[in-house]
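Residue numbers (this note's numbering), protein chains in the order written: chain A, -7 to 285; chain B, 442 to 727.
Treat the hints as calculated values from the structure; they're not laboratory data.
The C-beta atom is built at its ideal place from N, Cα and C for all residues, glycine as well.
Wrong hints could be hidden among the right ones.
As the list claims (entries may be wrong) - Beta-carbon label-pair distances, calculated as ranges: (1) 643(B) <-> 3(A): 51 to 61 Å; (2) 168(A) <-> 446(B): 57 to 67 Å; (3) 717(B) <-> 200(A): 34 to 44 Å; (4) 622(B) <-> -7(A): 40 to 50 Å; (5) 539(B) <-> 7(A): 21 to 31 Å; (6) 621(B) <-> 115(A): 30 to 40 Å; (7) 3(A) <-> 717(B): 20 to 30 Å.
Stated by the list, open to error - SDA-like mimics (lysine to any residue), calculated; alpha carbons at most 25 Å apart, straight line: (8) 126(A) <-> 545(B); (9) 482(B) <-> 458(B); (10) 126(A) <-> 539(B); (11) 126(A) <-> 727(B); (12) 126(A) <-> 459(B); (13) 482(B) <-> 515(B); (14) 126(A) <-> 515(B); (15) 126(A) <-> 460(B); (16) 126(A) <-> 541(B); (17) 126(A) <-> 520(B); (18) 126(A) <-> 538(B).
One letter stands for each residue in the lines below.
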Amino acid sequence: MTPALSVAALHKRYGRTTALHDVDLDVAPGELVGLLGPNGAGKSTLVKIACGLVRASGGRAEVCGAPAGSREARRALGYLAELFRFPGWARAEEVLALHQRLAGSDGGAAERAELLTLVDLHDARDRRVEAMSKGMQQRLGIAQALVGSPRLLLLDEPTSALDPVGRRMVRGLLERLRERGVAVLLNSHLLSEVELICDRVAILAGGRVVAAGRPSELVHAGGVEVETATGVRRFEQATRAQVPELVAGLVRNGEQIYGVRILTSSLEEAYLDAVGGRQEDPAHGTARAEGAA
Amino acid sequence: MSGATIVAGYALRESLRRRVFAVVLLLTLLFLGLYAYGTAKVFDESESFIVGRNIGTLDTTGFVAATMLGLGMFAILFLATVLAVFLTLGAVRGDAERGLLQPLVVRPLGRTSMLLGRFAAAAAVCVVYVLLVYSATTLIVHEASGRWPDTFVGPGLALAAGSVVIVALALLGSVFLSATANGIVTFMLFGAGLVGGLMQSIADAIGSHSLDRIAHWVSLALPFEALYQAGLHALTADQTGFTGALIQLGPFGSSHAGGPLLDLWAAAYVALALAVAAWGFARSDL
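So that you can see chain A by itself, here it is in the shape it has in the complex (with noise of 0.2 Å):
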């Protein structure tokens, strides 16, 4: 099946700064692919050659099997960019209907009735977009994107200006997507958002992916720690396998269990382990309980 985002030795450079160094990445049509790494790692930049903004220094970059850029490649793509604003004078229902028209999308009045419905604006179909508040702005880009059914979503910071009540409505509106077959590659700061909905993630640091893989591929295991009526004691090598052993150890020993705790480590600390900033962060060391017996 012909990816929905197919990226190889993808190089750009601007004057002497490399921002993307060989990068590859591919997203399968249906899958969300979320994209982390520091400021200036070149994640925006990926995404805006994937959306034909920028051009290149180098490699591939095909959209649905279209070279990124070509027009075949952007009628297939919605695109949500980190910094975005709408006219000011424009109603909601004006910029979905423009953008209808440049997508040549058909869907027409019920369209656009959808979609406001969907990112929870219908009520605000014809607030000028100045009378909006960012997140109401956010979630009309959201809209827009959406226009003409794209097979392949490139959100840049999607839920930036969103309160908890916008991002989780974000989120179950991904995996309504992902259930509909549309591949998303998601550009997020946000690593708890990124791990609780996407299938896959890649790490990338200046320039280059340094990790990729399922969030629990990228997790490192951290021990079992077991409540007893002594106290709460740490096993850090065990594994998860070597739980039934190690409680039947301790109740032959005479200790009373009350709970076991699987531990491992969170997407934030592989990512910080990824992109080498794992020292810098002083509040890191606290492993997170996988789940509790």
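Knowing the structure of chain A, use the given hints to seat chain B on it.
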């Protein structure tokens, strides 16, 4: 519907609904009011000593009417330049810096269509604006003096074409410069055109061939100035003798006939400016 047409429609709506349009409308009405008042006063107060009389072979009413029409042409070109600059100064880099451009450019329409749409909308607004204000000024002069320009349509069209050249230049600048820098550069080019016109006046007055050549090249390098001069010339095309000579020496008098070659050059100039803008836009990282 083609991409350029969609963008032109969008840009037209933007032109009409932005606050700047209301400001331009208000300022234009203010200008026309002042112009009407000034024109009426000029004819009223000067009637006692020159208007209505013939001093030798001087048609004094024609001379004052031509001067007032020249003032109108100058003011209209300036106002059209302000309008053209406000409509286009941030069309590419300015809009990209504000994040307005990216959501549109990723759509399938293509960057050249986008640019042509913006150009068509701004040019249409400027042409309609120039023709309306030009018609209003000639009507005001006619009401005060009973005179019409020697040719009515030609000067208006020349002025409108001049404003289209300025739109093309400002749009070209918007590809390579930030909005503020582009506004400054476009107004400086407008100023350079004016200086070229003044040089032409001086060259005509003192009979300097060198200055005349320099002024000629300036007006070709900035064809809105050549078109403006052609419009001025057409206003008083039938004035001859002492009146004609005096008009040529007046503050808005330095003028040269246009013609098909100038029209062709102006069209080619606009096409070239748009081609360079499209080339630059296609290679821009946004």
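Tested hints:
1. 643(B) <-> 3(A): 51 to 61 Å: Hint holds: Cβ distance 58 Å, inside 51 to 61 Å.
2. 168(A) <-> 446(B): 57 to 67 Å: violated (35 Å)
3. 717(B) <-> 200(A): 34 to 44 Å: holds (37 Å)
4. 622(B) <-> -7(A): 40 to 50 Å: holds (48 Å)
5. 539(B) <-> 7(A): 21 to 31 Å: holds (23 Å)
6. 621(B) <-> 115(A): 30 to 40 Å: holds (38 Å)
7. 3(A) <-> 717(B): 20 to 30 Å: holds (28 Å)
8. 126(A) <-> 545(B): holds (19 Å)
9. 482(B) <-> 458(B): violated (36 Å)
10. 126(A) <-> 539(B): Holds, because 15 Å separates the two Cα atoms, which is no more than 25 Å.
11. 126(A) <-> 727(B): Holds, at about 22 Å.
12. 126(A) <-> 459(B): holds (20 Å)
13. 482(B) <-> 515(B): Judged against 25 Å, a Cα distance of about 19 Å means the pair holds.
14. 126(A) <-> 515(B): The hint is violated at about 44 Å.
15. 126(A) <-> 460(B): It holds: about 21 Å lies between the C-alpha atoms, which stays within 25 Å.
16. 126(A) <-> 541(B): Roughly 15 Å between the alpha carbons, so the hint for residue 126(A) and residue 541(B) holds.
17. 126(A) <-> 520(B): violated (36 Å)
18. 126(A) <-> 538(B): Roughly 18 Å separates the two Cα atoms, so the pair holds.
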